[in-house]
Amino acid sequence: MSTLHLLSHSPFTDTRLASCLRLLGPDDGVMLTGDAVYAGSDAQLTAPLQQATMRLYALREDVHARGLTPGAAVSVIDYPEFVELTLAYDKVNSWI
Amino acid sequence: MAKSMLIISRQAPWSGPGAREALDMALAGGAYDLPLAMLFLDDGVFQLVGAQQPAAVEQKNLGANLQALPLFGVDELYACALSLAQRGLDPATLALPALALDDQGLRELLAHHDLVVTL
Amino acid sequence: MKFAIAVYAPAHSPASRRALQFARALLAQGHELIRVFFYQDGVHSASANVVTPQDEIDVAGQWRSLVSEHGIDAVVCIAAALRRGVLNEEEARRYERPAANLPQPWQLSGLGQLHEAAQQADRLVSFGGM
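In the order they appear, the protein sequences are chains P, U and G.
Be aware that the first sequence starts at 2, since it is given in my numbering, and climbs by one per residue.
Be aware that the second sequence starts at 58, since it is given in my numbering, and climbs by one per residue.
Be aware that the third sequence starts at 3, since it is given in my numbering, and climbs by one per residue.
Check before you lean on any hint, since a few could be wrong.
To be verified - Here are some of the chain U residues that sit facing chain G, going by a computed Cβ distance under 8 Å:
| hint | residue |
| --- | --- |
| 1 | Ala59 |
| 2 | Asp81 |
| 3 | Lys117 |
| 4 | Leu119 |
| 5 | Val174 |
Stated by the list, open to error - Below 16 Å or equal to it, Euclidean Cα-Cα: the simulated EDC-like pairs (lysine to aspartate or glutamate) are:
| hint | chain 1 | residue 1 | chain 2 | residue 2 |
| --- | --- | --- | --- | --- |
| 6 | U | Lys60 | G | Glu118 |
| 7 | G | Lys4 | P | Asp91 |
| 8 | U | Lys60 | U | Asp90 |
| 9 | U | Lys60 | G | Asp124 |
| 10 | G | Lys4 | P | Glu85 |
| 11 | G | Lys4 | G | Glu58 |
| 12 | G | Lys4 | G | Asp124 |
| 13 | U | Lys60 | P | Asp91 |
| 14 | G | Lys4 | G | Glu34 |
| 15 | U | Lys117 | U | Asp90 |
| 16 | G | Lys4 | G | Glu118 |
| 17 | U | Lys60 | U | Asp171 |
Don't read these hints as lab results, they were simulated from the structure.
The model shown is predicted, which means the values in this text are computed figures rather than measured ones.
Positions of the beta carbon are idealized from the N, C-alpha and C atoms, including for glycine.
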């Protein structure tokens with residue numbers, strides 16, 4: 002069964018993203034929200050996600066608020082797509 | 058048929074109510090006979106260390122309550138092998154019978170359950 | 003589809019507002035929100051006593067409005083609430099506390115309600131942290 006991992010902490014001050022990447026299955030996705038969107042602009046952090054053809058998403062309002070330009074591997078989405086995304090995976094695991 | 062739930066406990070035992078509230082969620086699910094497993098990850102593995110003295114910081118004994126998990130039907134307990142190793146903890150000396158899993162084992166654990174909650 | 007939402011962050015946390023926005027989006031798409039469950043610091047998102055400046059959003063107030071408008075089952079974990087000083091009239095009387103700050107439509111209940119929602123919903127989505 003596939004999992005959508007939901008993150009909201011900055012990867013630079015917090016270990017949640019690192020732990021999430023270790024536990025990521027081949028069919029899983031990662032949704033960056035809040036300060037976790039800072040990970041989207043860092044190619045080094047997101048490389049493992051790209052390598053395994055995992056799906057990487059970021060919430061548009063958080064990207065926009067922070068003036069970021071996420072890498073090409075990141076799909077920037079709004080809330081309606083966020084809702085649909087939670088249904089596209091079998092379950093959602095939030096790293097609160 | 059009931060959905061199975063994996064509860065991932067990531068908080069160290071004496072840094073606030075997080076560890077206890079993750080445990081409470083497991084005990085509540087167990088009380089309803091739900092299929093539950095618990096994984097201790099990151100600083101959550103510190104909950105498994107024996108001979109702790111929480112009374113020194115006027116806290117209740119979380120370890121004693123963790124021991125109650127099998128009584129509530131939650132006997133699938135796991136710990137992240139890497140988290141243990143990073144913190145210098147020997148899986149053989151844990152106060153709780155948690156099975157140490159490597160990353161691949163953890164991935165399978167997550168994939169296997171219908172629900173995952175990380176606290 | 004049926005959703006359940008769990009909130010672990012207080013009203014001033016972006017996570018609480020994000021959960022609210024997610025709830026609005028799923029309802030707008032015609033999905034059902036079978037329960038909202040507030041746990042850990044999320045109990046503060048149900049406080050009646052949050053005061054926000056005129057030029058700031060009132061997330062706690064917006065949660066109350068959303069829950070009332072849509073008749074959503076809105077539950078606050080009693081153990082987490084008591085620990086954090088979020089009490090309804092009944093609990094304030096029981097524990098002889100000077101004030102109640104948990105208004106309607108919020109109900110205090112146990113974690114069994116979260117588990118029930120997780121079992122019944124197609125998706126449980128949790129919001130917490132930042």
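Here's how the hints hold up against the structure:
1. Ala59: holds, 6 Å
2. Asp81: Result: holds, 6 Å to nearest chain G Cβ.
3. Lys117: violated, 12 Å
4. Leu119: violated, 15 Å
5. Val174: holds, 7 Å
6. U:Lys60 to G:Glu118: At roughly 10 Å apart (the allowed maximum being 16 Å), Glu118 of chain G and Lys60 of chain U satisfy the hint.
7. G:Lys4 to P:Asp91: Given pair Lys4 of chain G, Asp91 of chain P holds - Cα atoms ~13 Å apart, limit 16 Å.
8. U:Lys60 to U:Asp90: holds, 11 Å
9. U:Lys60 to G:Asp124: Holds: Lys60 of chain U and Asp124 of chain G sit about 11 Å apart, inside 16 Å.
10. G:Lys4 to P:Glu85: holds, 12 Å
11. G:Lys4 to G:Glu58: Violated: Lys4 of chain G and Glu58 of chain G sit about 32 Å apart, past 16 Å.
12. G:Lys4 to G:Asp124: holds, 5 Å
13. U:Lys60 to P:Asp91: holds, 12 Å
14. G:Lys4 to G:Glu34: holds, 5 Å
15. U:Lys117 to U:Asp90: Roughly 26 Å between the alpha carbons, so the hint for Lys117 of chain U and Asp90 of chain U is violated.
16. G:Lys4 to G:Glu118: Roughly 13 Å between the alpha carbons, so the hint for Lys4 of chain G and Glu118 of chain G holds.
17. U:Lys60 to U:Asp171: holds, 6 Å
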